[in-house]
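Peer 1: Dock chain X against chain S, hints included.
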Amino acid sequence: MKISLFIPCYVDQLSPHIGIAMVNVLERLGHQVDYPEGQTCCGQPAFNSGYFPEAKKVADHFLDTFADADLVAVPSGSCTAMIRKFYPELYQDSPQSAEVSELSGRVFEFTELLVNQLGVTDVGAKLEGTATYHDGCHGLRELGIKDAPRRLLENVEGLSLVEMDEGQSCCGFGGTFAIKFPQISTAMTQVKLGSATQTEADYLISGDPSCLMQIGGYFSRQKSPIQCLHIAEVLDQQ
Amino acid sequence: MSQSTNPTTQFQTDANRVTADVDRRSFLRSSLRGYQKTRTATQERFLSYESARIAAGDAKWEAIENLDVYLAQFADKLESRGATVHWCSDSEEARSAILEIIKKHDAKSVIKSKCMTTEEIHLNELLEKEGFEVVESDLGEFIVQLRDEAPYHFVFPAMHLKKEEINTLFQEKLKSINTDDPEELTMVAREVLRQKYLSADIGISGANFGVAETGMISITENEGNARLTTALPKVHIALMGIEKIIPRLEDLALMLPMLATAGTGQHLTCYNSQLGGPRQDDESDGPLEMHVVLLDNHRTRLLADPEQRDALRCIRCGACLNVCPIFKNVGGHTYGTTYQGPIGSVITPHLRGLKDWKHLSHSSSLCGACSETCPVKIDLHHHLLRNRRDAAGKGQGGLAEKVLMLGFTIVMRRPWLYRLTGRLGKIGHVLTKPIHGTRIDPFYAWKKTRDLDDPAKQSFKQYWKSRK
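Residue numbers (the working numbering), protein chains in the order written: chain S, 1 to 238; chain X, 1 to 468.
Chain S on its own, in the form it takes in the complex (with noise of 0.2 Å):
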């Protein structure tokens, strides 16, 4: 199946192995990947921040550059639910909401795409030692993803998946709250690891590489051992 990526602005600059890992996920399981290479943002951060009309502009322009793509896959649940839940909202009575709400069915996070379109649970992925999995809030209640991540993670040879119990909180990523409010953000991560060192696991993995970068950074200046990993690293790993 030919299945076009969708590879968020941030993790292009910031952590494109997120989305080489993807690619090589895909391509092993027998998948043709394509790159529309137009592609730059979902418009979410204008979202986020009250600017509807900036947003949509942006939105017009994943549009044009998706209007082609048979299933578009995401490494976010974030920038997913950007799309399939809030893009709907953006163009409510324009012109182009049948389009929109076509577009959005097509449009899934990497996890779920596995499980629930593409049928997998088992992509034959090694990787030794202990793992908690962090639910990113937009994949996990705007999208209701929940056990497409932890099917694959149990079938991944050598892992053991325990629970946190803030597993379901928020990592205090959020945007430009994380901006905003540092405080308030930074906090919510010192919860988050001392519930993920509570388990102790090795490695903290989660679907959402902005919640990654938050965990991930706030866990590399308390020097914490947990290594923080997106799920399609994970699942890269033979």
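It is worth saying that the hints were derived from the structure and are not from the lab. Each hint should be verified, as a subset may be incorrect.
Simulated pairs of lysine-lysine, DSS-like, Cα-Cα distance not exceeding 30 Å [to be verified]:
#, chain 1, residue 1, chain 2, residue 2
1, S, Lys180, X, Lys448
2, S, Lys146, X, Lys457
3, S, Lys57, S, Lys2
4, S, Lys223, X, Lys234
Under 10 Å between C-beta atoms, here's a sample of chain S residues computed to sit facing chain X [claimed, not checked]:
#, residue
5, Pro16
6, Ser49
7, Phe66
8, Ser101
9, Val115
10, Glu163
11, Glu166
12, Gly167
13, Met188
14, Val191
Note that beta-carbon positions come from the ideal geometry of N, C-alpha and C, so glycine has one too.
Peer 2: Relative to the frame of chain S, chain X by itself:
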């Protein structure tokens, strides 16, 4: 709570202080973890808690959508049994109405049961200034009153205090024995309060629900103090927001357990009283007069907003606070509002002005834990987003932010410019190395507490190009 500066500065300053208080935060978290466990267990005893949420939301929705009809019905029924209903459009009118009743009765002392709406209109301050003795009879409220503090949480007013602190407070203010046993502390308070009930001329309560069909207010509590407050003094005044209406008596069969479950994790609270007027001719007890003060105070402004009027469904259970990571880390006083937490952040801009209170809508990661737990399904976190939109639309984000967003749009619509910006960003990153981590680093707000990866040597776009 610092009172002097503007609400945004006050919020930031208090948030700095509380987030640095690791011990207090951990105390809050462990209390709320206990709540969450009990609540989850209680929810599981519903055949379908989700269906109950939908039904509860619908019942409140019906009331809100027909408020004109139900309010009139509620008032008529109450008045037909001898109660007086006062219609107050704002805080000032409600304060005057209440003050007038108290003065008319030549009262000296007032006993109150828990009522957040009185906090909203700053009633205690007014009455004390007028020379009346005002005593809060709810244990938590009594404690914060002794400390001269606002309630920390609109359901658990003194949840921030440890029993040792309450011991110290009671010894100091009530000359009590030295004990941090919760039961003994409760007895100390009870002793003081019993005397106050007997000597009080006026009892003031709130109302959790106003039943339109029967013209009754319904009060939910655990201590029995509201029963005494509304029954012993010769005059009872109930203050309620107009959104507290529910259509039918049978709606209580759902609303009472929902309020208890979401509020405290109980199946039902220990006491639920329905009061439909003063003492009738054939009755032997109850107050001689009953006044119900109905307060708008900009609730109708929210009612006029088709997107956010569902916030009027709120039954003030406090569940959204209990799961909110912001609340758990900044505590209740930081909000500087009558209603804390997500619901407070949603409605305060409507009640008190967006310009001064928009920061509450920004101080959220939009995680959605509040909407997920709300027993009447208010779209809380999306309303925060809508408040942000309204603030930005009015230019309240400031020029710098507007320019930044314009720049963002220009770059993100042009792939060539996006690529160029990426390259310039890398160069900028190298050039600004000397200031990295310092206060003039543009990423200082982030880097003060968190590391940040350097831009990748090769972006994904470049990787893809090199692959081909």
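Peer 1: The structure should be examined with respect to each hint, and the outcome stated for every one.
Peer 2: Do the hints match the structure? See the list:
1. Distance restraint check for Lys180(S) and Lys448(X): the Cα-Cα separation of roughly 13 Å lies within the 30 Å cut-off, and the hinted pair is therefore satisfied.
2. At most 30 Å may separate the alpha-carbon atoms for a hinted pair to count; Lys146(S) and Lys457(X) exceed this at roughly 33 Å.
3. Under the criterion of a C-alpha separation no larger than 30 Å, the hint pairing Lys57(S) with Lys2(S) is consistent with the structure, at around 27 Å.
4. For the hint linking Lys223(S) to Lys234(X), the alpha-carbon distance of about 65 Å lies beyond 30 Å, and the restraint is violated.
5. A cut of 10 Å between beta carbons decides the hint on Pro16(S): the least distance to chain X is about 4 Å, and the hint holds.
6. For Ser49(S), the interface hint holds, the least distance from its beta-carbon to any beta-carbon of chain X being 6 Å, beneath 10 Å.
7. Nearest Cβ of chain X to the Cβ of Phe66(S): about 13 Å, over the 10 Å cut. The hint is violated.
8. The beta carbon of Ser101(S) is not positioned within 10 Å of any beta carbon in chain X (closest approach about 18 Å), and the interface hint is therefore violated.
9. Of the supplied interface hints, the one on Val115(S) is violated, with its beta-carbon coming no nearer than about 22 Å to a beta-carbon of chain X, more than 10 Å.
10. Interface restraint check for Glu163(S): the shortest CB-CB distance to chain X comes to about 15 Å, outside 10 Å, so the restraint is violated.
11. With a least beta-carbon distance of about 9 Å to chain X, the hint placing Glu166(S) at the interface is held under the 10 Å criterion.
12. With a least beta-carbon distance of about 12 Å to chain X, the hint placing Gly167(S) at the interface is violated under the 10 Å criterion.
13. Hint status for Met188(S): holds, given a least beta-carbon distance of 5 Å to chain X, under 10 Å.
14. Hint on Val191(S) holds. Least Cβ distance to chain X is approximately 7 Å, under the 10 Å limit.
Comparing the model with each numbered hint stated earlier shows that hints 2, 4, 7, 8, 9, 10, 12 do not hold.
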